[in-house]
Amino acid sequence: MEKILLRNIENPESAHIGEYMKAGGFRSLPKALEMERKDIIEEVKKAGLRGRGGAGFPVAMKWTFASADPKFPKYLLCNADEGEPGTFKDRPILEKIPHLLIEGMAISGYALSAEYGYIYLRGEYPAAKDILDRAIGQAYEKNFLGDNILGKGIRFHLSVHQGAGAYICGEETALIESLEGDKGQPRIKPPFPVNVGVFAKPTVVNNVETLSNLPYIVEVGGEAYSKIGSPDCPGPKIYCVSGHVEKPGVYELPMGTNLKDIIFTHCGGIKGGKKLKAVIPGGISTPVLPPDKIDCPMDFVNMPKHGSMLGSGAVIVMDETVCLVKVCYRALKFFEHESCGKCTPCREGTGWLRKILGRIENGEGEAGDVDLLLSVSSNILGKTFCPLGDGAASVVQNFIKHFRQEFEVHISSKTCPVQGLNA
Amino acid sequence: MIAVNINGKEVKLEKAVTVLEAAKSAGIIIPTLCSHVLLEKYGGCRLCVVEVEKMPRLQTACTLMVTDGIVVRTETDAIADVRRGILEFLLINHPLDCPYCDKAGECTLQDLVEKYGPTTSRFREEKRKVPESLEDPVLVRNMERCVMCTRCVRMCDGVQGASAIAVISRGGHSHIEPFSGGKFNCEYCGNCVTVCPVGAIMSRLHRHSYRPWQLVSETETICPYCGVGCTLVAQVRDDVIKRVVPRIGTGVNNGLLCSRGRFGYEFVGHEERLTTPLLRKNGDLEPASWDEAISFVAGKLKEIKDSHGADALAGIASPRCTNEDNYVFQKFFRMAIGTNNIDSTARLGFAGAQKYIENIFGQGSTANLIPGLANADSVVVVGGDPTAINPVLGLQIRACARKGGAVLTVGHVKGLRYFTPLEMPSSPHMETALLECIVSALREKKGLPGSNSVLEGKIKDLNSSPDDIEKTCGVQEKDFSRFTDVLAGSSTPAVVIGKGLVQSAEGGYKLFLACAINYLINGRIYLLTERANEQGLLDMGCAPDLLPGGRPVSYAEFRKRYETAWKGEISEKSGLTLFEMIEAAENGSLKGLYVMGENPVFNMPNSNRVENALRNTDLLIVQDIFLTETGKIADVVLPALGWAEKEGTFTNMERRLQRLRKAVRRDGKDDWKIIAGISDLLGMRMNYTSAEEIFAEISRVSPIHRDLTYEEIEKGNVIYPYKGEPLRGTPGEIMTHRSEVSGEAGKLLLRLERPLFHSGTLSRHADALTNIYPEAVARMHPDTAGRFSLSEGGRVRLSTSLGFLELPLVIDESVGISDVLVTNNFEGKGAFSVMDYTLDPVTGAPMIEGMEVQIEKGVTA
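Chains as they are written, first to last, in the working numbering: chain A, 59 to 481; chain B, 8 to 868.
A portion of the hints provided could be inaccurate.
[Stated by the list, open to error] Pairs of lysine to any residue, SDA-like flavour, derived with a Cα cap of 25 Å:
hint: 1; chain 1: A; residue 1: Lys259; chain 2: B; residue 2: Glu47
hint: 2; chain 1: A; residue 1: Lys247; chain 2: B; residue 2: Tyr217
hint: 3; chain 1: B; residue 1: Lys19; chain 2: A; residue 2: Pro248
hint: 4; chain 1: B; residue 1: Lys134; chain 2: A; residue 2: Ser436
hint: 5; chain 1: B; residue 1: Lys134; chain 2: A; residue 2: Ala222
hint: 6; chain 1: B; residue 1: Lys110; chain 2: B; residue 2: Thr126
hint: 7; chain 1: B; residue 1: Lys61; chain 2: A; residue 2: Ala222
hint: 8; chain 1: A; residue 1: Lys363; chain 2: A; residue 2: Asp319
hint: 9; chain 1: A; residue 1: Lys247; chain 2: B; residue 2: Ser176
hint: 10; chain 1: A; residue 1: Lys80; chain 2: A; residue 2: Lys247
hint: 11; chain 1: B; residue 1: Lys110; chain 2: B; residue 2: Glu151
hint: 12; chain 1: B; residue 1: Lys61; chain 2: A; residue 2: Gly421
hint: 13; chain 1: A; residue 1: Lys129; chain 2: B; residue 2: Asn778
hint: 14; chain 1: A; residue 1: Lys247; chain 2: B; residue 2: Arg80
hint: 15; chain 1: A; residue 1: Lys259; chain 2: B; residue 2: Gly411
hint: 16; chain 1: B; residue 1: Lys61; chain 2: A; residue 2: Gly426
hint: 17; chain 1: A; residue 1: Lys259; chain 2: B; residue 2: Tyr425
hint: 18; chain 1: B; residue 1: Lys478; chain 2: B; residue 2: Gly411
hint: 19; chain 1: A; residue 1: Lys413; chain 2: A; residue 2: Val467
hint: 20; chain 1: B; residue 1: Lys122; chain 2: A; residue 2: Asp319
hint: 21; chain 1: A; residue 1: Lys413; chain 2: B; residue 2: Ser176
hint: 22; chain 1: A; residue 1: Lys259; chain 2: B; residue 2: Thr25
hint: 23; chain 1: A; residue 1: Lys210; chain 2: A; residue 2: Gly421
hint: 24; chain 1: B; residue 1: Lys134; chain 2: A; residue 2: Ala425
hint: 25; chain 1: B; residue 1: Lys48; chain 2: B; residue 2: Glu451
hint: 26; chain 1: A; residue 1: Lys391; chain 2: A; residue 2: Gly426
hint: 27; chain 1: A; residue 1: Lys259; chain 2: B; residue 2: Ala23
hint: 28; chain 1: A; residue 1: Lys247; chain 2: B; residue 2: Lys110
hint: 29; chain 1: B; residue 1: Lys22; chain 2: A; residue 2: Asp127
hint: 30; chain 1: B; residue 1: Lys134; chain 2: A; residue 2: Val467
hint: 31; chain 1: A; residue 1: Lys187; chain 2: A; residue 2: Ala222
hint: 32; chain 1: B; residue 1: Lys48; chain 2: A; residue 2: Val467
hint: 33; chain 1: B; residue 1: Lys478; chain 2: B; residue 2: Glu451
To be clear, the hints were calculated from the coordinates, so they are not data collected in a lab.
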């Protein structure tokens, strides 16, 4: 497939507005400004665009809610807090083709009657901060942003806010708290951000990749867009593949490309011809799959049917040399570290799980520890304030579901059969 | 109407509330650690999970709003399992030190584990350890017991508004810090203690001295400190107050307290309390029997009356004493002695200010409900920091700001600085001009309402134009316009007046201007008072010109009513005011002074002069609970029962009558009983057997207290004008004389700090409060200190025409650039020893604030 989102990515100067425009950029914005706001939302609806952050929520629906709220001003936030382990799909957009995002936000801002936009950028992307700032400056110079965009009397201002290194700030209400200057912790919903968001105003939070689809939708129309990829959730999708494959990296493919094809066709198969042991298909919080379960279309609809989720489309491939107890331990260490501490099960449970996993990996596990892991994780699952705790619990449950034997061997042999924790 | 089914029970609700509240209204208690009725919703602990039909997963009852027809179950096996799981999580890092923990017995976590389990621990690893912290003077923290419910943070942030604590770090490393140690702005209200469900934050005062179930006696009473009159509960073991707690849903304060109220009770039963009468013999005060002391007093009073007349005697009443004490005191002076020479420290501002305000707006115009402030759309504050003088009232102003109301301050009000006030910075010399400009601007913007021609005449006469506002008032034109626009546009404004206004140069004139502002915006006036019963003592007639119920002595008609009731004759001559008493003592015409529950030698400006005057009398009687500065020079000292040791009533600044109750037993006599004993010897029998009996007489005699009973007061909400008849005469002449301004612009001025933590006699003997604020200090702006090369902690000498004080320096950015702040709370270091005064021609209040002061480095090390 021709690249749509990443079409100019090979150009070393792609981040410059001139190069972006040469490649056809900023043609959708003037077109959009000629359209009625509701018609843009209608095109998005026809396109069937679903949020690319992980949950796959229909974008047009979110936008309709925010548009229907009579309060002003409204805000458009771009969630660029790409923190899910294994995920680096937004990064090329932010660093290589920032104007795609800027154009997408300007179009979305217009469609939503939002006059202010913020890009909430993860703190660990310092390069992207400079690139975005520069790009936004260029867009202002060309009058693609500002008080009177392209002389049409449309106002949209955009700036970048850097996070301080919290995974939870990828959760939209925590992101809003953080943007407001408070501690990044999720808020009680309802009210939802579309009604009471940042500064208590209607707010739309969309992912980088999601917003970057807007110029193309406006360019070709929702109808044509909806023909790409899976009919239930169409469009191009950026997959990022890491781990033991020959060609790890970022791949723009039609939504619904088979996971097996991604690994074995696009990425050249398992590195060094080793045996595949496990795949995490959509970032660390999506359920792990054993090799016999990876023949599935990677989209929001089909992945759950195959026992996992699309998540952010971050495929982590692990070969036979990997100790899965250690991976599980490492994942829980991440969740423990990133738990915001607001609710009890996540705050206390993630650490406890990590401790049990640590002792199993270290050969200090005891009979019953696997059941203890299952019991503790089921005390977390479904009881937490936000999905972070669910993610942590489901990682443990799914690793045990598919690889229980490996855990039991660690305990019975009092050692890691694959490698020591500190190896 | 919303109908909800909870555990099979139909619950009908007027409006949508949370499932938790709905259940509570039906008597179904859903367990929770993080939810609290005073606090914002949080949803963190997850204990309140419930099953809701047609909802996919368990829902938290504290966050879910009810909708019509929902079916909820709060106790099922599945729910119990979840709760046990949550409690297990909480316990993995919670020390099981219940045998040692003071909270045991009233700990929510303990109670919940008892109900839901778990009974054993599956956690094998090390628990998180946090050492006990005694860094704080009044709190003890055991943060390893913390369950991260964040109630304390939400209390501190969202209710108290101090924002002294926050959750630091995240996840399992989350902890709550810092409390105080001066690092942040802890106000030591201890409201975090109220809401902490476990033993993480507790009062240090009673540490390890009781078990909650040993607090067998609980007495609901009224705080002894300020005029807000918060309801509090004294919990007692073995006749010692172990702690003071508020009661949610009760009183003006509804569960909130300030540092004084919560931690200031240790004066009760203090070792320095007076226990026996003292008589001066051969120059020294020596213990004497009651009989001896009382016959001495009666004999001397009679002797003076016989040889110099009744007007050679005077009495100073007490804003710390009950209405009953004060009523008996003035009756004693009017009837047994025969003089109207009765006054109190209300003369330092409150009495004059109230009289002035009532003269314009009618009696009772300052009797406005404190919680109403939170619902005002704007609050103007002049003359002091309400969050320090009347802290719980201050919280209502903060609540008003939080709800979007405008807070407007004349001068810098430290306690409101985080509440986006519209501030008109003001120095004492520009305050009058500024207030005049505000009145003029409001007159232009609002027009005259036309309901008070006398006042309007005065307002029309003002010819200040806000044109050169920057020069004359030192404020920016745009700030001024915004300030007056907001005021002019508000529909439910309130005007809060602190004593600082009337105690500064041109105080009376400024009060007129404040009243003019209030008139133009049609506001409600709140007159602050730092004494618990200042309003009550005035209502009891402890004033030289007023009889009980605020009826003027000068009207024969009123006198007659009391003469009938009291069966005697009331002198028609208005008595001496507090300051006239001092002058009369100086010139020898006042021979005897009876001081009840007051310390004029310390609490009046130019205290050396007051001391010399009092030494000049032939008879100085001091009746108090401690040996005060005044007691030390007295001829006879009579020990009285104090707060928590007696029954009675207080009248707060809203003129709400409230019951003061006896919480501990102590040998001794009520103030009224001592007076009655003396009265008997002087030939006027006072046959009262209880405070209630005295109140019954008050309710017969005083027209505003008519038909009130203790029973009724105990029910609460006995609010002015009760069933009585306030005086609603047409306003007479409104005085607007301007006093002379002392000091000059550009000079350093001595001003009073009215700190949150002290009140004088009581707080000085409350160890917790002296630990928080241990010594007298001078506060200065960093620039001022810099100009004199003074540094924090160094000693500074403050000299005025009356003498000097040497104090450690505290640098404080909130102090005005021309001001030096000193308190009048510490023995031997009272600001009043170097502060002189002149009396305002309008209010009769001493103009204390703003005296010129020279500063230099202190000479002592």
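Each hint, compared with the structure:
no.: 1; hint: A:Lys259 <-> B:Glu47; verdict: holds, 19 Å
no.: 2; hint: A:Lys247 <-> B:Tyr217; verdict: violated, 43 Å
no.: 3; hint: B:Lys19 <-> A:Pro248; verdict: holds, 23 Å
no.: 4; hint: B:Lys134 <-> A:Ser436; verdict: holds, 22 Å
no.: 5; hint: B:Lys134 <-> A:Ala222; verdict: violated, 29 Å
no.: 6; hint: B:Lys110 <-> B:Thr126; verdict: holds, 20 Å
no.: 7; hint: B:Lys61 <-> A:Ala222; verdict: violated, 39 Å
no.: 8; hint: A:Lys363 <-> A:Asp319; verdict: holds, 18 Å
no.: 9; hint: A:Lys247 <-> B:Ser176; verdict: holds, 24 Å
no.: 10; hint: A:Lys80 <-> A:Lys247; verdict: violated, 44 Å
no.: 11; hint: B:Lys110 <-> B:Glu151; verdict: holds, 14 Å
no.: 12; hint: B:Lys61 <-> A:Gly421; verdict: violated, 45 Å
no.: 13; hint: A:Lys129 <-> B:Asn778; verdict: violated, 51 Å
no.: 14; hint: A:Lys247 <-> B:Arg80; verdict: holds, 21 Å
no.: 15; hint: A:Lys259 <-> B:Gly411; verdict: holds, 15 Å
no.: 16; hint: B:Lys61 <-> A:Gly426; verdict: violated, 36 Å
no.: 17; hint: A:Lys259 <-> B:Tyr425; verdict: holds, 23 Å
no.: 18; hint: B:Lys478 <-> B:Gly411; verdict: violated, 32 Å
no.: 19; hint: A:Lys413 <-> A:Val467; verdict: holds, 18 Å
no.: 20; hint: B:Lys122 <-> A:Asp319; verdict: violated, 55 Å
no.: 21; hint: A:Lys413 <-> B:Ser176; verdict: holds, 20 Å
no.: 22; hint: A:Lys259 <-> B:Thr25; verdict: holds, 23 Å
no.: 23; hint: A:Lys210 <-> A:Gly421; verdict: violated, 68 Å
no.: 24; hint: B:Lys134 <-> A:Ala425; verdict: holds, 22 Å
no.: 25; hint: B:Lys48 <-> B:Glu451; verdict: violated, 45 Å
no.: 26; hint: A:Lys391 <-> A:Gly426; verdict: holds, 21 Å
no.: 27; hint: A:Lys259 <-> B:Ala23; verdict: holds, 23 Å
no.: 28; hint: A:Lys247 <-> B:Lys110; verdict: violated, 34 Å
no.: 29; hint: B:Lys22 <-> A:Asp127; verdict: holds, 23 Å
no.: 30; hint: B:Lys134 <-> A:Val467; verdict: violated, 28 Å
no.: 31; hint: A:Lys187 <-> A:Ala222; verdict: holds, 13 Å
no.: 32; hint: B:Lys48 <-> A:Val467; verdict: violated, 46 Å
no.: 33; hint: B:Lys478 <-> B:Glu451; verdict: holds, 21 Å
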